[in-house]
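Line by line, the protein sequences give chains A and B.
When we follow numbering that gives the first Met the number 0, the leftmost residue of the first sequence carries the number 0, and every step to the right adds one.
When we follow numbering that gives the first Met the number 0, the leftmost residue of the second sequence carries the number 0, and every step to the right adds one.
The reader is advised that the hints may include incorrect statements.
Pairs count within a copy or across copies, as identical chains cannot be separated in the list.
Straight line, CA to CA, 27 Å or less: simulated DSS-like cross-link-like pairs of lysine-lysine [as the list claims (entries may be wrong)]:
id	residue 1	residue 2
1	184	167
2	45	167
3	130	167
4	167	148
5	42	68
6	238	148
7	13	116
8	130	43
9	43	68
10	42	13
11	238	93
Source of the hints: derived by calculation from the structure; they are not laboratory data.
2 protein chains.
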Amino acid sequence: MADTGWPGCARSLKGVILDMFGVLYEGGEGDGVAIPGSIEAVKKLKESDLQLRFCTNETQAAREAFVAKLHRLGFDMSVSEVFPPAPAAVAVLKERGLRPHLLVYDALLPEFDGVDKNNPNCVVIGDAAEKFSYQNLNEAFRVLIDLEKPVLFSLGQGRYYNDPDGLKLDVGVYMKALEYACDLKAEVIGKPSSTFFQSVLNDMGLQPHEVLMIGDDLVNDVGGAQHCGMKGVQVRTGKFRPSDERHPTVTADGYVDDLAQAVDMILSQRR
Amino acid sequence: MADTGWPGCARSLKGVILDMFGVLYEGGEGDGVAIPGSIEAVKKLKESDLQLRFCTNETQAAREAFVAKLHRLGFDMSVSEVFPPAPAAVAVLKERGLRPHLLVYDALLPEFDGVDKNNPNCVVIGDAAEKFSYQNLNEAFRVLIDLEKPVLFSLGQGRYYNDPDGLKLDVGVYMKALEYACDLKAEVIGKPSSTFFQSVLNDMGLQPHEVLMIGDDLVNDVGGAQHCGMKGVQVRTGKFRPSDERHPTVTADGYVDDLAQAVDMILSQRR
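Model the full structure from these sequences, guided by the hints.
Below you can see the structure in the form of structure tokens.
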């Protein structure tokens, strides 16, 4: 009988999905810093027979610039292996013929270059930090309230994140603000949306039970992956807090100190 | 048998509470403009045997400055007859020994002059318009998230209001944002809170069934008053929309074109 628990499940895996911020690297001056052992861990996964993808809620830069930063930190990955919310949003907008009003970081705007933004009939918000001024939020609100069927997309639904300066409000907070103002429910693009995880699985050509997600965010990484039928393991780096191991609704399939330990456990099971 | 419906109920009334913005006056350049007939209607109520109070969610200025504006528009009222949320909040803060971090209009700050604001252990937000910057909201968030038992007071819970410039986001939107960020429920001070209406009834020395509320906001004025045991009549001025007369959960005891019509109906019942 196959062991379906962690780490025994590693024997039957065909692919691994990694969260990025808090798993591969963390904040700091400039590009931030690689978490010890994570560069080597990615290298080992790439040399194994496992398929590897990166799944992030990163919306502070367009994909090319973002991957270039990871290269500078020492990671080996290609743009096509990285799945952030913005390209997924562009696919949804094109499929549904929607023209967005955008409230996102300026550096993310290039992702939307090929999208018609005239006479908007929906709003897309991503983390925008200082761009979340009263005026900009009011402008997004007025676009929505004037629509017969207002549609709001939110690139993630995070509450806050840790910055070298201290805690900072994330996009989910402004999503809730606009939901209340317009009496609507936003469509979340990014983790923990099943549609988003499924698009990564489709790209791998694998079934959920063949894939393991490794992340530092219990609800969005682990819970989201499990909801989709994958296994989910939480690292004790990044935004991990000890109370996560007693969370009322989400229990990870396994907990590891960091990515390096997770990868060593996976690969030793497969030998 | 006493007629308990509108306008028959007017015969047994002992007091009337009036909403202000949208009932007495509306927006416009400078102080705004009195709604036709409303100055005379207030005068008639004052000359009657009915007690009169004004109950508003106004938080853009301290009470003295606000009442001075109403005087300039031609209304006869004293500061002690006007009940806005800020003085009610001050009473709650003092009663519970709380020291607020304030995110409100600068012009409202004098209301909190006598309150200790050092080393804050709660947050009070009111409509703050342009002061709702990312930085200011983040600052309020950090105060809350650092508290063992975070307490958030919101002066009203409006979604948006009509300004000569167009629709503008109101305080409720930022209340929801902070509620989500900190995973808490705000305490609303102002209409439709029963505590707030009750403080006005206490000041009048009357029972709820002896008092009628007249407002333009179906949920916050009419619904809030009814929840408290009062009758509630909606005027078809201010933010009134025809769909209010088919609202799924709140039905006014009566609808009138404007305050002038309401007062004439009340007084003619009592002759």
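Now the hints, each set against the structure:
{"no.": "1", "hint": "184 - 167", "result": "both (23 Å within a copy, 20 Å between copies)"}
{"no.": "2", "hint": "45 - 167", "result": "neither (34 Å within a copy, 52 Å between copies)"}
{"no.": "3", "hint": "130 - 167", "result": "both (13 Å within a copy, 17 Å between copies)"}
{"no.": "4", "hint": "167 - 148", "result": "between (32 Å within a copy, 20 Å between copies)"}
{"no.": "5", "hint": "42 - 68", "result": "within (17 Å within a copy, 70 Å between copies)"}
{"no.": "6", "hint": "238 - 148", "result": "between (37 Å within a copy, 21 Å between copies)"}
{"no.": "7", "hint": "13 - 116", "result": "neither (40 Å within a copy, 58 Å between copies)"}
{"no.": "8", "hint": "130 - 43", "result": "neither (40 Å within a copy, 50 Å between copies)"}
{"no.": "9", "hint": "43 - 68", "result": "within (20 Å within a copy, 72 Å between copies)"}
{"no.": "10", "hint": "42 - 13", "result": "within (17 Å within a copy, 81 Å between copies)"}
{"no.": "11", "hint": "238 - 93", "result": "neither (34 Å within a copy, 37 Å between copies)"}
Checked against the numbered hints above, the structure breaks hints 2, 7, 8 and 11 and satisfies the rest.
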